[in-house]
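K.L.:
Sequence:
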Amino acid sequence: MYTFSNKLKTFSFILMILGALGVGYGFMTSHKSFEEVEHLLAEESHHGGGHGEADAHHVTPSQDAHAAEGHGEEAHTSVDAHSKHVTHVQHQIANRPWSALYVAAFFFMMIALGVLAFYAIQIASQAGWSPVLFRVMEAITAYLLPGALIVLIIAVASGTIGHYNIFIWMDPDVVAHDKLIQGKAGWLNIGGFAIRGLIFIAGWVAYRHFARKFSIAQDNAEPGDISNFKKAFRITAGFLVFFIYTESMMSWDWIMSVDPHWFSTLFGWYVFASMFVSGITVIALMSIYLKSKGYLAFVNENHLHDVAKFMFGISIFWTYLWFSQFMLIWYSNIPEEVTYFITRINDYKLPFFGMVVMNFLFPVLMLMNANYKRMNWFVVMAGIVILLGHYVDIFNMIMPATVGDRWFIGIPEIGAVLLFGGLFIFVVFLSLSKASLLAKGYPLMKESEDFHY
Numbered sequence: 001m002y003t004f005s006n007k008l009k010t011f012s013f014i015l016m017i018l019g020a021l022g023v024g025y026g027f028m029t030s031h032k033s034f035e036e037v038e039h040l041l042a043e044e045s046h047h048g049g050g051h052g053e054a055d056a057h058h059v060t061p062s063q064d065a066h067a068a069e070g071h072g073e074e075a076h077t078s079v080d081a082h083s084k085h086v087t088h089v090q091h092q093i094a095n096r097p098w099s100a101l102y103v104a105a106f107f108f109m110m111i112a113l114g115v116l117a118f119y120a121i122q123i124a125s126q127a128g129w130s131p132v133l134f135r136v137m138e139a140i141t142a143y144l145l146p147g148a149l150i151v152l153i154i155a156v157a158s159g160t161i162g163h164y165n166i167f168i169w170m171d172p173d174v175v176a177h178d179k180l181i182q183g184k185a186g187w188l189n190i191g192g193f194a195i196r197g198l199i200f201i202a203g204w205v206a207y208r209h210f211a212r213k214f215s216i217a218q219d220n221a222e223p224g225d226i227s228n229f230k231k232a233f234r235i236t237a238g239f240l241v242f243f244i245y246t247e248s249m250m251s252w253d254w255i256m257s258v259d260p261h262w263f264s265t266l267f268g269w270y271v272f273a274s275m276f277v278s279g280i281t282v283i284a285l286m287s288i289y290l291k292s293k294g295y296l297a298f299v300n301e302n303h304l305h306d307v308a309k310f311m312f313g314i315s316i317f318w319t320y321l322w323f324s325q326f327m328l329i330w331y332s333n334i335p336e337e338v339t340y341f342i343t344r345i346n347d348y349k350l351p352f353f354g355m356v357v358m359n360f361l362f363p364v365l366m367l368m369n370a371n372y373k374r375m376n377w378f379v380v381m382a383g384i385v386i387l388l389g390h391y392v393d394i395f396n397m398i399m400p401a402t403v404g405d406r407w408f409i410g411i412p413e414i415g416a417v418l419l420f421g422g423l424f425i426f427v428v429f430l431s432l433s434k435a436s437l438l439a440k441g442y443p444l445m446k447e448s449e450d451f452h453y
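The opening residue of the sequence shown carries number 1 in full-length UniProt numbering; numbering runs sequentially from there.
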């Protein structure tokens, strides 16, 4: 039985407090007046800043006055364009803390969802190597309910109490002048968005609840009674069908719709690969941590070797999907599709290509050798880089649509990661302490304990 130490509880609370302070700072410093933004653009123009739009559109008040005298209507157009640009940048700056909060919330939620999918696949396939890790997986999935609700609340709040800070299609003024978004209004509306989100969450959490319930009940069953195992198997088969559909729709709603003019038929699989490898990585890191504290004595290097193989293999799968999506859109060069990547390459060059290094090259080099997969410090090092890389991946999906070229990984972003990271640690380890670390009643447990590679 695992004991949730006071030291770890304190650590998680400290992370949440520091994170809340960082997030609060982000919101307090994001509300800039028109004049403040105008001054910021003037400074960027004077210093030759990296925001090209500022140089192209900035006009000083004296220039406005001079133009008005000499050019009449042409000056009025120039002033109007300048005003619109300043307002646009003002909104981008205000969007940043909302976006930082959303990226971090989604990142930790997708870890729990990825682990739930992995756990279900192990049960459905009746895998013999992984049951010794079931309690770790069940603990991680405990975060799914609070994590997913937080994501949905942030999304809806950004379009109600916020100023449409994440999803532009929530702004009725934008929709009124955009025929493409009007054509998607039957799907992209706040009511439908919220209802679908609640259905997704209800289905995922219901499966997690009953799978956990049957798992613990199987521990307490009479010898030879595997009825709870059979129940878990049956509901898992149904859940995997439900998951395949809802994960794709969730990725359209919660991620892809930040760019309502763009779509990719591969997007659901791409997001799935990211959450799957992130979840598997957290299973590995958590198992190694628990073993270092004297727990999970029944988990040997062969189990961790297999988890590391999944980290390696799904990293390759993610790269295949990333390249397939990128290469086909780049090669076809259709304007309404390629703009998605042009924005990211022009304004997010470092995080865009950096995540490919972190999510592909680094895992391949670190985990290709079978011996390295059995070295805990190698797996931990690779795992940390993989998680950072997939955080950057989610960052790249959201930020270009919400803050444009006004991005930076600073106090709001780090604060949001600390906030939800602390909450994640607290919920997961609290759940871990509520049941035996070994699902001893699982019919394939003996095979799992004796597993050797």
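FYI, nobody ran anything at the bench for these hints, they're computed from the structure.
The structure displayed is predicted, hence computed values, not measured ones.
Possibly wrong hints are sitting among the right ones.
[Said to hold, decoys possible] Pairwise CB distance ranges (calculated):
no.	residue 1	residue 2	range
1	Ala20	Val241	35 to 41 Å
2	His163	Gly192	40 to 46 Å
3	Asp225	Lys349	34 to 40 Å
4	Gly224	Ile17	46 to 52 Å
5	Ser33	Met381	44 to 50 Å
6	Ser125	Phe353	43 to 49 Å
Ideal Cβ positions, reconstructed from N, Cα and C, are used throughout, including at glycine.
K.L.:
Compare the structure with each hint and give your call.
P.N.:
Cross-check of the supplied hints:
{"no.": "1", "hint": "Ala20 to Val241: 35 to 41 Å", "result": "holds, 39 Å"}
{"no.": "2", "hint": "His163 to Gly192: 40 to 46 Å", "result": "violated, 21 Å"}
{"no.": "3", "hint": "Asp225 to Lys349: 34 to 40 Å", "result": "violated, 59 Å"}
{"no.": "4", "hint": "Gly224 to Ile17: 46 to 52 Å", "result": "holds, 51 Å"}
{"no.": "5", "hint": "Ser33 to Met381: 44 to 50 Å", "result": "holds, 46 Å"}
{"no.": "6", "hint": "Ser125 to Phe353: 43 to 49 Å", "result": "violated, 36 Å"}
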